Amino acid sequence: MRLKILTVDDSKTVRIIVKKSFKSFDCEIFEAQNGVEGLAMAAKTTPDIILLDITMPVMDGVEMLTKLKSDPSLKHIPVIMLTAEAGRENVMKIAKIGVRDYIVKPFKEEVLVDKVSRVVDLRPAGEAEPKQKKIDDPIDILIVEDKPAIIEQIKKGFAHTPWVINGVASTGEAIDFCQKKLPDCIIISLSLPDDAAITLFRIVRSNAKTKYVPLFGLSVKTASEEQARAQQAGFSTIIHKPIDFEELEAKIGKAVNLDTSGKYFVIDEDYMTVRLPKACNAAVVNEVSTYLKDKTSQAVDAGISKIIFDAQKVSALNMDVIKLLLHSMKTCRDLSLNYALAGNEVVREESKKFEESKDWKFCDTVESARASL
Amino acid sequence: MQQTFPISDQELEALSSNAINSVFNTMLDKTAVIKKVIKVDEQTCVEGIQLPVDASAPMIAGTVGFIGNLTGIMYIFMELPLAMEATCKLLDLDEDDIGAEDHELVNDAIGELTNMIVGTFKNDLSNKGFECRMTIPSILRGSNFSIEPAEVALRRIYKFDCGGRSFVIDVLMKEEN
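Just so you know, the sequences run in chain order A and B. The first sequence begins at 1 in the working numbering and counts up by one. The second sequence begins at 374 in the working numbering and counts up by one.
Treat the hints as calculated values from the structure; they're not laboratory data.
In silico DSS-like cross-links for lysine-lysine, where the CA-CA straight-line distance does not exceed 25 Å: (1) Lys93(A) to Lys501(B); (2) Lys211(A) to Lys23(A); (3) Lys462(B) to Lys115(A).
These numbers were taken from a predicted model, which means no experiment stands behind them.
With the sequences and hints as input, model every part of the structure.
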């Protein structure tokens, strides 16, 4: 949902500057020329934040603020004063009525954006309802690491993906990169000299454009002190060296909110195949379950009536996988879809050990499963 | 009376210069330097004086007053090309976007600049212990502006240069008992 900002100022110039300051953010600007109009507009639009001048004709900012704060339906709206009046008496008086912040004119647009972003969630334009990226879409990952070998290792580790890995060696280069292009995820080496990882973390988090980018720390497992500091600072996740790329890929996918359904659900001409991976742990089962309803509905909409559950790569059949398959089979029955199971020898043997799956019939191959439908 | 006025000439010049440069630097990415100071009192200005700029040029004058321990008024006289340049920079527009006849937008922009300049000036006075409140800006357009005598304790006219263009501020103040 777009953020609503109400600017109450008798100067059209200030209102235009406010509009201009927030044009690259996903927000709607409402305008009022004085306190009376401001209160009416606030009641009509319920803005997320109000930028309020003090000296205005008809009703000044102090009177409007007093009335706003005494109205139960409007008093929750945060107010930032944006005014040329900065005398101590004025500031004290307004602080008592309740303002979130105070910006004294003249002001830089960056200061305005920064102060507003501290009070409300300011998102870059177009990010409010983003088109969810898929696991096989290119995403930009920024690695901040002073050891080129590690950057190369990460590039090789993700060579099978369409992800674009960008490596930089310092905080300054990382900031320059972010100004030119907003990365989907940033991985920062926690062992950068002069506490640079924490400094960069704070810079990224305090910038309205980058504050939502997932930040991973990269560290050797034994460096517990630097990891503790990073966690305390607020890093999303700590990745250990040597890197487990399967784990890192999953973590990035989750942090970037990638649609990973393509890893499991494949729609052919006549069939939808649900491919379960080798390590079918609780996280994977949960991920597949999340997509199941939508994907089966999508298959039905596409005119597909046959589904193959392919467990040939699964290394062990645990209760989580059994529950997933039970749930999947029920969904198929509810939607009148025909289904078949394909599994390796281990899966077939283990299925017999559970009451719920002892009667399941697995085909040796996907082809034979297809032929069985 | 002038000897007992709590703001000295030097202080007033520093306050004025700081107010102009704070606003010009922050909002317009420009700096301005004082080129001429005119001390106006009832003896030297019995019949009024012309502004120290091309009198025939069309000008825009912004005014904001302040009322409190110190009461006063500040006028900013700007030639139209500089006013237009400032408006374009403030609003991130080209001159073509504004149009020569869009007086309202230019008036508003210069009014707001005046408001910010006097606000900065007044806030500095507050920091010195003189609490004041500001009035709403007003704008005048015309040419051949002249300075008439007024009953004030302190009045100075500063001519500034800003990248080859001139503008003038007229500061009048008196102490309230």
